[in-house]
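So the chains spell out like this:
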Amino acid sequence: MSDPIVAAYKSTPLKAQVERYSPVPLAPAPSVGRRLVLSFAPPLILGILIVAAYALIRADLPAHRQFLMPSAEGLWSQAFGIAAFRSELLMRALTTISIAITGLAVSIPVGIMLGIVMFRVYALEKAVFPYLVALQSIPIMAIIPLIQSALGFGFLPKVLIVALFTFFAIPTTLLLGLKSVDRNILELFKLQNASWWVMLRKAALPSAAPTLFAGLRISGSLAVIAAIVSELFFLSGKGGLGQLLMNAKIDFKYEQMYAALIVASALSITVYLSFNWLGNRLFAHWHESSDRQR
Amino acid sequence: MTGSPTVNAADIGARPHPPLPGGNAVVFEKVSMTFPDGTEALSDVDLAIGHGEFVSIVGPSGCGKSTLLRIASGLSSHSSGDVWVDRQQLGYTFQDATLLPWRRVQGNVELLMELRGYPAAKRREIAKEKIELVGLSGFEAHFPRRLSGGMRMRASLARSLALNPNVFMFDEPFGALDEITRERLNDEVIDLHCREGFTGIFVTHSIPEAVYMSSKVVVMSRRPGRIIDTLDIGFPFPRQPDLRYEPEFSKLCGAVSRALRHAIEA
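These protein sequence lines map, in sequence, to chains A and B. The numbers in numbering that gives the first Met the number 0 rise by one with no breaks, and the one at position 79 of the first sequence is 78. The numbers in numbering that gives the first Met the number 0 rise by one with no breaks, and the one at position 228 of the second sequence is 227.
These are calculated hints, taken from the structure and not from any lab test.
Quick list of in silico lysine-lysine cross-link-like pairs, BS3-like style, CA-CA up to 30 Å:
| # | chain 1 | residue 1 | chain 2 | residue 2 |
| --- | --- | --- | --- | --- |
| 1 | B | K215 | B | K29 |
| 2 | A | K189 | B | K121 |
| 3 | A | K201 | B | K127 |
| 4 | A | K201 | A | K125 |
| 5 | A | K252 | A | K237 |
| 6 | A | K201 | A | K178 |
| 7 | A | K125 | A | K189 |
| 8 | A | K189 | A | K201 |
| 9 | A | K201 | B | K121 |
| 10 | A | K248 | A | K237 |
| 11 | A | K189 | B | K29 |
| 12 | A | K189 | A | K178 |
| 13 | B | K127 | A | K189 |
| 14 | A | K125 | A | K178 |
| 15 | B | K250 | B | K215 |
Derived DEER-like restraints, expressed as beta-carbon distance ranges:
| # | chain 1 | residue 1 | chain 2 | residue 2 | range |
| --- | --- | --- | --- | --- | --- |
| 16 | A | A104 | B | T38 | 50 to 56 Å |
| 17 | A | G32 | B | D241 | 54 to 60 Å |
| 18 | A | A283 | B | H261 | 49 to 55 Å |
| 19 | A | N192 | B | H261 | 39 to 45 Å |
| 20 | B | E39 | A | P129 | 38 to 44 Å |
| 21 | B | S78 | A | N192 | 19 to 25 Å |
| 22 | A | A104 | B | Q94 | 42 to 48 Å |
What the simulated footprint calls covered on chain B by chain A, stretch by stretch (three residues with Cβ under 8 Å from a Cβ of chain A suffice, anywhere in the stretch; the number is not a length):
| # | region |
| --- | --- |
| 23 | 66 to 75 |
| 24 | 82 to 93 |
| 25 | 106 to 118 |
Each residue gets a CB set at the ideal place from its N, CA and C atoms; glycine is no exception.
Let's have the full structure, built from the sequences with the hints guiding it.
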């Protein structure tokens, strides 16, 4: 692909490009402000409603149960307002995210390789798929104690737990994508005597990439949850947010527990949005499933 | 062939092809094909297509027209008989454009050359020429989803033309297009045929399309497909769009139509 061609193409405004071939003038695109309002106002309003409902329910609770739903002032004075706690929160968030990312760094390549192998060897697909489903149906939390007994309390068992949680979606979505590559495209390659590897690299993998990305999005948001869940069972050592959650409960510091929850979901959302963003960047120009038009 | 940029045969590992029986471009001798489930698709097809001919194949749906093309291209194998085709430089278009949606027009037109191992500079040069030839200059950087159906087909034609095909096979390529686009593309394919000199095999459902484009129309019977009639179309190339409204043209269409009705009853 030649860069000057692409550069010239990108420098022409989209509307002008489309209008050259459109029989009728296009309606003006909504302004930036309007688009911001349209995309941010609905979730913002719902968010405000949820906070209001929270406040109402909290006000309704008897005083001795109100610790279950800390107030905003409480969250600040007991948790986010304390500098030492803030830095602890940051350290623990970093630990959690590094467990999650390392877990993904194991499950994604292994999952992709398994997906490709299953695509190549039909017998292997038939052999492996039932066990993948079985793996998915095992409540992984139930085998965490087993992993703990086998591997101890370090970093490795937590990574393994994340990998187990996030694995399933990767080979399955990749295989689905690889199998739905356009048959005519494959025949086009066959007419040129292309090898299986060339077909995989130039036809099947690019065609499967958006489907795989749907899987990566699921795995990505599961990874943070998995990292936190794994730590609920590992209370010794320097842990992440999961450990903080448990400690906060034991110490009766519910504000800190909420703070950990908030940071945990922020992490999860960040990972999800990153995959979303990456997916859009990679596929928006050719794949229908993307949010944006270009 | 034409004066388009040539690629050294040795560069891309091409082997010279042994000459075909009778100096033809495509020869079928007693070709039969039975699907694994026992359905007989073709029985005893005999067909010889000379160099530079443009032959259309018409027949009732499911008569094995496409199967015949797939056998000629090497995508399917026949059960008995002999097939000779120079497949070294083969053009092939499917019922849809079959572009890779993740590649721009440029990348799509370069695809087959890439698979054949043409050097990048050569690919660029040839792609530029063929994109111009099909009238897609200025659209090199478009992705297929932003092109109309007719433009996608043009890109697909350019992709095949890039290999300078000796034999170009068309498997009902324009069936999904509107009448106007279809007639324009008919003219363009004929124009390309005259300029590039390839031998054309064109499978279609449309009788006027077959008569308009071809030097010979082959009528096949319903399954199992046999060739039951061959009509020579004597109009000179290149053809003028108004040919479609000449009495002589209508007569030939009528003759093909009768043969086709006969094919369905036979």
